[in-house]
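Trainee: Sequence:
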Amino acid sequence: MNTNGHSPAANPTRRVVITGVGLVTPLGHDLSTSWAQMAAGKSGTSAITHWDATEFPTQINARVNDWEPGAYMDRKEARRTGRATQFAYKAALDAVRMAGLDWEQEDRRRVGVEIGLAFGGWDIVEEESAKLAEGGPRRFNPANGVAALISGTPTFVAIKFGVTGPTNSQVTACATGITSIGEAVRRVQRGDADVMIAGGVEGYLTPMIITTFSRLGAASTNNANPEKACAPFSGNRDGMVVGEGAGVFVLESLEHAQARGATILAEFAGYALSEDAYDLVAPEPTGTGATTCMSLALAESGLAANDIDWIVAHGTGTLLNDTMETAAIKRVFGEAAYAIPVTSIKSSIGHSMGAAGAQSAAVLVKAMQEDRILPTINYEIPDPACDLDYVPNHSREHRVDAGLCNGFGLGGQNATLILKRFVA
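Heads up, the sequence shown is in my numbering, so the first residue is 1 and it goes up one at a time.
Check each hint, because a few of them may be wrong.
[Stated by the list, open to error] With a cut-off of at most 27 Å between alpha-carbon atoms, the simulated BS3-like pairs for lysine-lysine come out as follows: (1) Lys131 with Lys76; (2) Lys76 with Lys160; (3) Lys228 with Lys42.
[What the hints assert, rightly or not] Estimated spans, in silico, between C-beta atoms of each pair: (4) Thr49 with Ile381: 28 to 38 Å; (5) Arg109 with Pro137: 33 to 43 Å; (6) Asp102 with Glu68: 23 to 33 Å; (7) Asn225 with Thr164: 20 to 30 Å; (8) Thr49 with Gly145: 19 to 29 Å; (9) Lys160 with Ser129: 24 to 34 Å.
Source of the hints: derived by calculation from the structure; they are not laboratory data.
From the three backbone atoms N, C-alpha and C, an ideal C-beta is built for every residue, glycine too.
Construct the complete structure from the given sequences, taking the supplied hints into account.
Mentor: What follows is the structure in structure tokens.
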């Protein structure tokens, strides 16, 4: 009986590598732009302007602005898809191009898609619900009802690339992005596919979503200073800023990547899932589930605690999450925890739920290329309960040979991913 907290890999010795990365954030529509802005300490948080939020307690978000889907798909497709699907396709397109996949040479039956969302096409749902309430069934567009399906996003990507391998959408709340990458790795390890296009996405900055997190007490109300609103691990933090975007990867078996002469960006090392079984919203305060998750991923990787060079934290900026995650990191890494830099990129780009873990993994891969790690911006006041090195406010030159990403979802769904520098 498996008691590890996640499904065992059928062939854990089959090496899986990353050959392409696509990223969409409030700071840029691609990996290079987003990275440069985050490294410069910029914030993608701003006042809500795409609907009237003046009567709402939370009036800020981290929105992907200047978005023109017509640059990546035809106008008809743009009308029939929500922002999440559009973000996912743009990030997937970038990842596939970076990987140099030649569809004329690939067996598309051996290529799958694993892209997850936490909320799906919520922008479509709210828009069509309003039409239905105001004008009755004749105003409702049934095509949009289908487009809002969570499974519609990976399906759209599969259709665009013409790939017919295993296609799926993971849903583990804020852990979705990491879960999608990890489960895609398992598919390659099992031999279900040679290549997986995998990641997470979210595009849902609607009144209902903002109200949900505001009424839960999880969202910042620092409306007067949007760029300073998300302050993970800082003693003056007052909640997260809801964001959107995507992170998508091309994952391949090492044999497949080498056979086609691909440039390998990083290698998969470890992955695990766990569950708090504590509350539908709040994390288990002692971090038991998070500790289990990180410990299992570290065990699979075969790395020692002091081999981890950077932790890209879940780091939402809420009082409960940041304290819990800090405690869990110290429990897993012991004294080594104080020597490992820990960053929350949510300080710069907000919390994009289903995309968050995949965005964290994207910057981890980039850090291995740049020998630089990103800052946790808006860090102003030390918190005695959060006493690690959070790379405050400024990026730092730092070699990353192995790094860890956390994603801790509502309901206590935890996911950890470890990547390492590729060595032939």
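Trainee: Work down the list of hints and note, for each, if the structure agrees.
Mentor: Results for each hint:
1. Between the alpha carbons of lysine 131 and lysine 76 the distance comes to roughly 20 Å, so the proposed pair stays at or under 27 Å and holds.
2. For the given pair, lysine 76 sits about 14 Å from lysine 160 by alpha-carbon distance, which is consistent with the 27 Å threshold.
3. Restraint check for lysine 228 and lysine 42: satisfied, since their Cα atoms lie roughly 10 Å apart, inside the 27 Å limit.
4. Here the CB-CB span from threonine 49 to isoleucine 381 is close to 30 Å, well matched to the stated 28 to 38 Å.
5. For the hinted restraint 33 to 43 Å between arginine 109 and proline 137, the CB-CB distance of approximately 40 Å keeps it satisfied.
6. A hinted range of 23 to 33 Å holds for the C-beta pair aspartate 102 and glutamate 68, which are about 28 Å apart.
7. Hint check: asparagine 225 to threonine 164, Cβ distance near 49 Å, so the stated range 20 to 30 Å is violated.
8. About 28 Å separates the C-beta atoms of threonine 49 and glycine 145, a value consistent with the hinted range of 19 to 29 Å.
9. Checked against the hint of 24 to 34 Å, the pair lysine 160 and serine 129 passes, with Cβ atoms roughly 28 Å apart.
Hint 7 alone, counting from the list given before, is not met by this structure.
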